[in-house]
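My request is simple: use the sequences and hints to build the entire structure.
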Amino acid sequence: MVSLFLLPKLKMMSVAELIKQCAVKAISEVYKVEIEPANITVSATKPEFEGDYTIVLFSLVKQFRKSPDAAGQELGNYLLQQHADLFSSFNVIKGFLNLVIADAYWVDFLQKNYNNTSFGLKEKNGRRVMVEYSSPNTNKPLHLGHLRNNFLGWSTAEILKATGCEIVKTCIVNDRGIHICKSMIAWQLFANGATPESTGMKGDHFVGDYYVKFNDEYKKQIEVLIEQGSSKEDAERQAPIFKGAQQMLIDWEAGNPDVIELWKTMNSWVYAGFTETYKTIGSDFDRTYYESQTYLLGKDLIEEGLKKNVFIQEADSSVWIDLTADGLDRKIVRRKDGTSVYITQDIGLAVNKFEEYKCDESIYVIGDEQNYHMKVLKLICQKLGLPSADGIHHLSYGMVELPSGKMKSREGTVVDADEIVEEMIDISKQKTEELGKVKDFTAEELKELYNIIGLGALKFFLLRVDPKRRMIFNPEESIDFHGFTGPFVQYTHARIKSILRKLADVNVDLQIGNHHNLLSLEKQAVIHLEQFVTVIEEAAAEHDPSKVAIYVFNLAKIFNSFYTEHSIASAESEEKKILRLQLATLTAQTIKTAMSLLGIHVPERM
RNA sequence: UGGCUUAUAGUUUAAUGGAAGAAUGCUGCGCUUCGAACGCAGUGAUGAAAGUUCGAAUCUUUCUAAGCCAACCA
1 MVSLFLLPKL KMMSVAELIK QCAVKAISEV YKVEIEPANI TVSATKPEFE GDYTIVLFSL
61 VKQFRKSPDA AGQELGNYLL QQHADLFSSF NVIKGFLNLV IADAYWVDFL QKNYNNTSFG
121 LKEKNGRRVM VEYSSPNTNK PLHLGHLRNN FLGWSTAEIL KATGCEIVKT CIVNDRGIHI
181 CKSMIAWQLF ANGATPESTG MKGDHFVGDY YVKFNDEYKK QIEVLIEQGS SKEDAERQAP
241 IFKGAQQMLI DWEAGNPDVI ELWKTMNSWV YAGFTETYKT IGSDFDRTYY ESQTYLLGKD
301 LIEEGLKKNV FIQEADSSVW IDLTADGLDR KIVRRKDGTS VYITQDIGLA VNKFEEYKCD
361 ESIYVIGDEQ NYHMKVLKLI CQKLGLPSAD GIHHLSYGMV ELPSGKMKSR EGTVVDADEI
421 VEEMIDISKQ KTEELGKVKD FTAEELKELY NIIGLGALKF FLLRVDPKRR MIFNPEESID
481 FHGFTGPFVQ YTHARIKSIL RKLADVNVDL QIGNHHNLLS LEKQAVIHLE QFVTVIEEAA
541 AEHDPSKVAI YVFNLAKIFN SFYTEHSIAS AESEEKKILR LQLATLTAQT IKTAMSLLGI
601 HVPERM
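Residues in the first sequence are numbered from 1 upward in steps of one, following my numbering.
Keep in mind that the hints were calculated from the coordinates and are not lab data.
The model shown is predicted, which means the values in this text are computed figures rather than measured ones.
Be aware that one or more of the hints could be misleading.
What the hints assert, rightly or not - No farther apart than 30 Å at their CA atoms in a straight line, the calculated lysine-lysine pairs in the BS3-like style are these:
hint, residue 1, residue 2
1, 592, 161
2, 25, 437
3, 336, 308
4, 219, 243
5, 592, 437
Unchecked claim - Label-pair restraints from in silico Cβ distances:
hint, residue 1, residue 2, range
6, 121, 477, 30 to 40 Å
7, 387, 320, 23 to 33 Å
8, 382, 538, 22 to 32 Å
9, 320, 243, 42 to 52 Å
10, 390, 219, 39 to 49 Å
11, 406, 280, 20 to 30 Å
12, 219, 121, 22 to 32 Å
Don't be surprised by glycine CBs; every beta carbon is placed ideally from N, CA and C.
As structure tokens, then:
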């Protein structure tokens with residue numbers, strides 16, 4: 001018999017991977033057929049059948065000319081014989097070979113990992129990945145959609161870090177352009193010198209109000225002009241406040257000191273507000289880019305692209321790229337007046353980022369409305385032969401909408417980020433007080449707890465579904481604290497910690513050997529724990545934190561079932577008590593780590 | 001008009017081409033307790049039609065519905 005535990009490479013492998021390796025070897029020995037491990041399907045056995053993992057044989061049996069049943073029996077017997085320390089029994093149903101993993105294997109796994117505080121996390125792998133997220137405009141406060149972006153970006157970065165990547169978190173601040181000038185002109189016209197200080201308002205909200213004000217006034221002026229006989233298009237172009245904003249943009253680009261001064265002042269108000277919000281939600285960046293400093297980038301790349309015949313110059317001297325061969329359209333990259341367009345800056349910034357950090361991969365967390373834009377960006381970079389081109393990935397996510405439709409800042413129909421955060425914290429305060437379990441907490445401890453639970457509920461709510469899915473948020477129905485939620489998982493953690501505190505005098509480190517029979521619920525929990533590394537890898541590969549959220553929820557659920565059914569403190573034997581304590585310890589640890597990958601803290605008590 | 005995305009229980013959602021799983025809701029049940037923000041049981045779903053396959057929620061085609069994009073806007 002070959003003992004798997006003696007092979008260091010195999011030891012680090014997941015059970016599923018181990019089974020594949022064994023199957024490859026078995027098939028090679030029994031049928032003299034060589035199969036790639038990747039071509040073997042191993043999945044968790046359905047609960048209605050006996051077994052832990054299942055090998056699906058249908059796709060294989062043709063190659064060794066056996067019926068699925070016969071092949072299942074033969075392979076099952078062989079596996080059992082050769083790897084008695086891994087498999088304890090098997091059964092074949094149709095083409096499914098259901099394998100029961102030996103309890104000793106699970107117990108061994110548990111004993112090796114229960115006190116590993118970095119369980120699930122991997123060593124540095126030398127890859128460097130940039131994650132750009134948040135990317136706010138400095139003319140309005142953040143709303144719920146921005147929160148989804150922030151949480152996704154932050155969490156994806158953490159998940160990649162857990163797989164061993166080095167991470168550079170970046171943010172591009174859209175701090176210039178016509179939309180910024182809109183709030184500037186409105187402030188000039190209507191504020192009478194008011195400031196966030198004089199009004200006691202948070203800076204980003206203060207500026208955002210003038211953005212709304214601009215649009216109100218703009219609409220009024222358009223209506224008046226239409227009444228006076230202008231066409232709609234004309235009115236939109238001729239409205240005085242709009243022309244004022246346009247002039248301001250021209251002055252800004254010309255470096256007019258007064259306009260620059262106003263711009264700096266108003267932006268500083270916004271930044272003060274953002275800093276506060278980022279601090280509460282736990283967003284941070286290693287490097288912040290400002291559009292005002294990057295918007296001229298990429299111009300030299302146009303000349304280079306022309307030389308390489310990637311771009312074409314028209315008679316009017318505008319420059320284009322023809323992407324029709326790739327199923328896309330023609331796209332302008334430089335206007336006839338020589339100024340660059342949005343995508344040109346993006347190319348320039350991509351080059352800049354690469355020169356600065358030499359990342360192997362660069363992830364952009366941007367809404368799905370820019371799917372086409374990002375496709376074009378990557379394609380142009382590839383055609384220009386930029387070394388960073390293939391590493392560009394768009395983490396596209398669906399918009400967060402209200403039951404009434406899209407959120408629109410300019411119309412003020414948004415779920416404000418600061419407000420929703422505050423509301424979630426309020427709700428956790430209410431619930432905590434109702435339950436009355438932490439009456440001995442100090443005011444400070446309570447404040448921290450409400451923050452942990454409120455933000456946990458919000459982050460979990462936004463991260464638990466596939467990023468690309470659109471979400472409709474109904475403010476009438478507040479975010480739940482039961483079921484598939486952050487507080488449920490946090491509660492499970494607090495509960496386990498409570499048990500561990502009560503049984504602190506038991507020596508968990510006692511060597512109890514691996515000869516224990518596991519009850520069904522005990523085994524389910526260990527099996528689930530063992531899958532943590534694989535789940536992190538999948539979430540990292542797909543840039544999808546929802547995989548981690550679903551995982552940690554199921555882990556908590558399985559533990560809760562186990563916990564109601566079987567007692568730890570009064571286990572059947574002392575050894576069983578230790579085993580269960582180890583199980584509880586590793587579960588709590590795994591919940592904590594998994595939640596931290598989502599940016600969610602877990603309390604010791606709640 | 002073209003391109004991309006989505007469609008799963010009443011609602012919110014999961015499922016590397018392999019035996020549709022949760023949550024919530026609803027109906028019952030379980031606290032003289034290792035924490036009921038919990039557990040147990042029941043209920044109920046792959047938009048429509050065809051095709052490929054031993055096998056399709058998943059792949060192909062058509063249709064239907066929703067959303068986004070296709071600016072010398074950002």
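Going through the hints against the structure:
no.: 1; hint: 592 / 161; result: holds (16 Å)
no.: 2; hint: 25 / 437; result: violated (55 Å)
no.: 3; hint: 336 / 308; result: holds (20 Å)
no.: 4; hint: 219 / 243; result: holds (13 Å)
no.: 5; hint: 592 / 437; result: holds (21 Å)
no.: 6; hint: 121 / 477: 30 to 40 Å; result: holds (36 Å)
no.: 7; hint: 387 / 320: 23 to 33 Å; result: holds (24 Å)
no.: 8; hint: 382 / 538: 22 to 32 Å; result: holds (27 Å)
no.: 9; hint: 320 / 243: 42 to 52 Å; result: violated (30 Å)
no.: 10; hint: 390 / 219: 39 to 49 Å; result: holds (46 Å)
no.: 11; hint: 406 / 280: 20 to 30 Å; result: holds (26 Å)
no.: 12; hint: 219 / 121: 22 to 32 Å; result: violated (53 Å)
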